[in-house]
Each structure stands twice: as structure tokens, then as C-alpha cells.
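2 protein chains.
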Amino acid sequence: MRTRPLKVALLGCGVVGSEVARIMTTHADDLAARIGAPVELAGVAVRRPSKVREGIDPALITTDATALVKRGDIDVVVEVIGGIEPARTLITTAFEHGASVVSANKALLAQDGAALHAAAEANGKDLYYEAAVAGAIPLIRPLRESLAGDKVNRVLGIVNGTTNFILDKMDSTGAGYQEALDEATALGYAEADPTADVEGFDAAAKAAILAGIAFHTRVRLDDVHREGMTEVTAADFASAKEMGCTIKLLAICERAEDGASVTARVHPAMIPLTHPLASVRGAYNAVFVESDASGQLMFYGPGAGGSPTASAVLGDLVAVCRNRLSGATGPGESAYAALPVSPMGDVVTRYHISLDVADKPGVLAQVATVFAEHGVSIDTVRQQGKDGEASLVVVTHRASDAALGGTVEALRKLDTVRGVASIMRVEGE
Amino acid sequence: MRTRPLKVALLGCGVVGSEVARIMTTHADDLAARIGAPVELAGVAVRRPSKVREGIDPALITTDATALVKRGDIDVVVEVIGGIEPARTLITTAFEHGASVVSANKALLAQDGAALHAAAEANGKDLYYEAAVAGAIPLIRPLRESLAGDKVNRVLGIVNGTTNFILDKMDSTGAGYQEALDEATALGYAEADPTADVEGFDAAAKAAILAGIAFHTRVRLDDVHREGMTEVTAADFASAKEMGCTIKLLAICERAEDGASVTARVHPAMIPLTHPLASVRGAYNAVFVESDASGQLMFYGPGAGGSPTASAVLGDLVAVCRNRLSGATGPGESAYAALPVSPMGDVVTRYHISLDVADKPGVLAQVATVFAEHGVSIDTVRQQGKDGEASLVVVTHRASDAALGGTVEALRKLDTVRGVASIMRVEGE
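If you read the protein sequences in the order shown, they are chains D and A. Under UniProt numbering, the first residue of the first sequence carries the number 1, and numbering increases by one thereafter. Under UniProt numbering, the first residue of the second sequence carries the number 1, and numbering increases by one thereafter.
FYI, nobody ran anything at the bench for these hints, they're computed from the structure. No false leads were mixed into what you were given.
Some chain A residues well away from chain D (every beta-carbon gap over 10 Å; in silico):
no.	residue
1	Ala-37
2	Thr-92
3	His-97
4	Gly-244
No more than 30 Å apart at the CA atoms, straight line, and that leaves these computed lysine-lysine pairs for DSS-like:
no.	chain 1	residue 1	chain 2	residue 2
5	A	Lys-7	D	Lys-151
6	A	Lys-70	A	Lys-51
7	A	Lys-241	A	Lys-360
8	D	Lys-7	A	Lys-151
9	A	Lys-386	A	Lys-413
10	A	Lys-386	A	Lys-241
11	D	Lys-386	D	Lys-241
12	D	Lys-360	D	Lys-241
13	A	Lys-51	A	Lys-7
14	A	Lys-360	A	Lys-413
15	A	Lys-51	D	Lys-151
16	D	Lys-51	A	Lys-151
17	A	Lys-241	D	Lys-241
18	D	Lys-413	D	Lys-360
19	D	Lys-70	D	Lys-51
Where is the CB? At the ideal position from N, CA and C, for every residue including glycine.
Sequences are here, hints too, so could you generate the full structure?
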């Protein structure tokens, strides 16, 4: 074993960073044995240097992250500060000064992954980011390496623990969105400002990263159709139950049936209770991957939290350190397929639509005609009347999102349709 | 991209090999783009050269596998013939003649993994074998790389599809073992001679491989305690149901609580219906991995079959080819921890024991005394009487297998105990 240590600079020492530092210290011998050389924490960049950080030598603490990544003797920079800047500049500076990078920064990778990969490649360095998607669950490496000889057609998953906690709570207790969110906040599963989670931004970033790797195509955050889950109601869950379904916020990356384009989207959807994703509870994550040769694979585990995320960071750290010792780099960006990313209108799926309609003869015929005119085939209709008002629940066969959108627009114009109570996609069948 | 192709020799062209050859041809462009150089099928060693093999140039077919691996221009040998010999000699010969090796051979790796790894290392070559455990499910790579910075404490899984199909059938239809086996055979899930599957040899080989990687310790097939599932009865399933459990054939690799030793075992066990492994149906496989930092992860998918196994082989092929191009090798054997493998008697778990006893006063007291004398604490006892005969169902708290064995031996000597109807471990709680 090499005795000269590999030097690691840690950018950020919050929930994840402090756990990375802790494990690097407590498991130093194991890490050295697995890497083939000791690893040494050479510096820790933080915003608040006065905070007491147990187990970390105060001499390592600095507020000057830029100087740390420019030192020139750093082998690996571990970036766990998150956000776009200064993380982006620090990472590219690290590459320019000879370091490889392990990052957990999903937002940055979803927005600027291509540029970061290019910077890594230009400098002959590694960029690893298993922790950016679904915490400890190995997903990036299986997609990038284990399935490198296969053709992935679909990635379907629960990749945000906060929203899964909220939806699970609504499902199991009948609570409304706000009540469930309040509980998630109280228990620390939701942040004070939950926007990134509940509006689907976090999941959309992960969808962009997963789609890019799965389809060997650049997919940016802007390419991902995103709908949050703040408008999911207790009534939606009641409708889902009648369908033998529950509701999950799903990230879905699909290759079109003709193979010539891909789509990526995040939205709440009904999935059958018999689908393995339906039983993913609390803040857990799970991702289905469907490929030509492998069939259906599922990966399940804790999608967030300091320890699980640190586990993913450290796995990458070991890999990157091994690469440094052998003088090689791991697989970089693979975007050779360069498939076009189609808009949401091209997505084909099934829909569950609740309409408030006038309770009089001929309404169903009128509504059915609108669906037919837009080429959307109806699977089932359920009609319920009460006091001159009635509701129609329509479940369609597979149709394009554009056709469904046109249908709904036309339905809204019917005198007999008082309102469209909800539209929800049905997935996983 | 390099234009000179990497040359692949395929040893075996059965269900898996023919699928590997097919994908190498149909997906040649994708593989080249992902590797950075084209891959060329340079030879296919078979036993029956006269068999028509669609899509494979007859000029590539040979019966002389030894000459093929000795050619000297082969970059990667893909070994999918299985069994100990000639596979072992062919693999070591391949290393000596400059090739890296991708193998799906669980039996050989479980028996001689250390020697094969040593041969690979001595020649500076790669030995990859994702396909040896749980078909397409990425398990070796996640354990060896994704969790390389974590401490794995437990691997618990269903790693044999044939036996899971049989047990699932017994559970869902109430069928006996023989009836369910007959159906599995008729449907092609069980081989004409099902011994390797139903007696747990196949699962034990996989347990040895998984334990070795998980604990950075050499674990051989002989170190794995193995019990088959041929004696599981419909009555056992009835008992399991009363417990809120089902029965699965599990491979269990554990680190002892003090961390100083490990165990590996394969046997049928009751697991709660609420455990995710309980709902693994048909011939699917699923493996739970528990680590210090990551918590519980689960990997699920098709555990066998030509296509899924080929997916795993091709993922390894891409990785090994990339390594050849970069002049590096991937992670080799990691056995530095060298923990002792403890015997089955040291395993601590819970037990479900059915006793046929005389239906008279004092029997329960007698039985309870025997348990107490052996230090095995009872959780619940259920007593059922019928016509002078009675049965006692005892569920214990956690106890060592040795203590339980001593208890059962003593119980058999009691006049009032007519027989021990079944003993089954209870896992996954």
C-alpha cells in the first residue's frame, strides 16, 4: 500500500459534510485498505468557522474555499454545499488545479452537468455524483456501468422523500395536503420553505440527471416537465382508492416507442396498489429501471439524510481515489446518442378525469363525443348524480398529453360541464 | 474513438452466451460508443459445433476453447460455460495469455474465487462477475464500489428464482412441495435435476460470493451453512400464516454484533408478510443490504434467464473494455479484513418450533423447563389439543443456533414429546 496519503478537501460541513468527515476519521483504516492508500482530510471550507465541529481539527477549517481548491496538492474535492454558485466555480477551479471532484449537487448537475463534465475531461479528472440522486441508493453507478451493455427504456421512481412522506400520510390518514405538510415540517422531513420539494424542482433535477445517463443524451432541468403536488387533495386519494390505486409524485424518464426521442417529467400520478412503488412508505425512495435485456429492476432505500448521503459520497470518494492511484479516470459523460427531448404534449399515458356536470340526459353522450373528436379513447366512465349536479369520472386509454389537453379545453367549453375537478395521470400499469 | 476493435472470445453459447453474442451484434454501435472502441466477437467455443447458431458467423465457432484463449490477441474472455472444469483452467489460461475475464460462474467463484483473483492480479488483468449473482440485478458492483466507503453488516436475500417460484406457488395455492416442483419443471423454471436449486447449493455459492465482497473477507462455499427447502410442507405455510409470515429460501450473510466474525447461511425461513422480501413473487430475486451509513437498501429484479444474465455480462464487458483502453484495472479482490467465518452454532436468530406432545397436564411446564435450561427464552407458546394428542407451537426470542439445537435434542428425550414436527428460523424482523 502507498503510504503517502491522498488529500481530500471538503467543501461544506453541514448534515452531509460532517458525516463524511466523521466516517473518514472513524473508518480511516478501512478506507485506506480499500483504496490502497490512506486518505487525509486536508481542509474543510465552511461559512461559519466559529461553529464547534466535533472530531474535526480546527486547523483544517477555512472560510476561503477558493484558496482551498487552488492549493494544488488536493487530490479530491468533495462538494456538499449545494446550489449553483459558488459550487460551480469551485468545482471547475478544482479541476483546473488538478483535483477530481465528488459532488452531491443535483441542482448544479441538472443545470450545468455538460459543462462540468467537459471541464473534468479537459483536465483529465473524475466527476462523480452518486449522492446527487436518491441518497444512498446506488443508481448512477448501476445506470452508468452495470447497464452499460443494455438499452434502458424507462426510469420510473420516487426520488423525493419529503413529498413521499406527505403523500403517504395523506393516503394512510385521509389528511389534507396542508395538514400532512405541517406534520412533515414538525418531524424535520420538510424544510421551512418546502417549495423545492413540493413543487417538484428537486425531483425534476434528479429526473434530468437520470434521463441523461439512462439515454446517453443531454437532458437539462429545463427539458423536464414539472408539476408539483400541492394541489393533490383528499378527494383525489379517495378517487385513487376506487381505482385500486394510490398517488405518488413520480419522476418518469421514457424513450419514445420508436426509440427516436426521449421525455422526462415529474408530476403526481395514480399507480396501482399492486405496483411495488405503491408500497414505498415515508421518506424512502425507490426507482424502477426497465431495459431491453435486464427487464425490470428496482432500487430501494433511504433517499436523503446525512448518513445515507455520506455513504454515497464515500463510495465515490473510494472510486475516485482508486482511479488517481491507477492513473485512470472513470466513465465520463456519455451523451453520444444525443436524442431529442420531446415536449410533454408527446407523452403518451392514461388519464383519470373528474368532471362536475349538469345532471340531465345527454351529458354523457356530449362528453364522450368530445373525447372521440380529440382521438382520446375512453376506458371507463362512472356517473354519480346528486341534487341536479352530477360527477363524471372518466378513465382513458393511452393518449398523448396534447390530445388530452385539447379534450379538456373543449370539455370546459361545454355548457353542461360545470368544472374539471381534477386531472391525474395513471402510471405503472 | 479508437477504430481497432477489442477482441472478445466467448466460451459457451447456450442460453446466456447466445444472447451475449446477439446483443454484441445488434447493439454494436452503442457498445462502441460507450466503450470508446468497437468490440468484435473473435471466437466462440462450443461443445456441439454442428448446432445452427443464428446470427453467429460459423467461421467463429470452435470446439477448442483452450486454443481460443491462448490465441494471444484476445482482449476479453467471456466465460458462460459454468461448472468447475474446464472453466477454471480456461480462465487462468486466459489471464496468462493477456486477456481479462468476465464470468457468470458462481460455483467456480464460490469455490476458487481467491485463486482466480490472484491469477488476475498476477497478470494485471480484470476479473468481473456481476452475472454470477442474481442475474441482471446490480449487486456485485454496488457492494464492491457504491458501498466501498460504508460498513456492510448484513446481506439478506432471495437469490434463487427456482426455489422462490416453488415456495411462492406453495404459499399462494396451498400446494405441496412435489406438486409445486412439478409445475416449476413443466414451466421451465426448474431443471430436470433440480438438486442444485432445491438443496440450496446455488444459493450457497451466491451467499459465499456476496459475503466475501460485503465483509472484505474470503468466504468459500464450504463456509456457508446450507439447508435445502425440500422438506418445507403445506403445514409449515399454514403455521407461517398464523404468524403473519410466509416462507422464503434466504441467503443470509451477517457480521457478528461485536464485528469480529461473520456468518453465511442458506435455509428456508419465515419472514413477516410486511417485509419487502415477502412480496417477491415467482422467479424474481431481491436482496437487502444493511450498512452503517446507508441504512437498508434493496435491489430487486429477474435473477436468471438468458437476457437478464446477458445484460449483466455486457455491463461487465463494457467496464473491462474501458479498463483495457485506459490501461487500468478495476477493483480486484478485497479480503483485507480477513474476519473468521463462524459456524452455524454461533448464529443468533428466532425459531418457530412445532412439537407433537401428549395431551396431559404438566407438559407445557416440562417443555418450558427444557428451553429455560438451555438459555432459550420463549416469546409465545400456542397449545392445541385433539384426541389425547396435542401440539405445542413455540416461538423463541433470539437465541444461538447451538442453544436451540441443544434444546431440541433435550426435547426429543422427553417422554411427553412424541415428535418435533418442524423447526424453522424466523428472519427479517
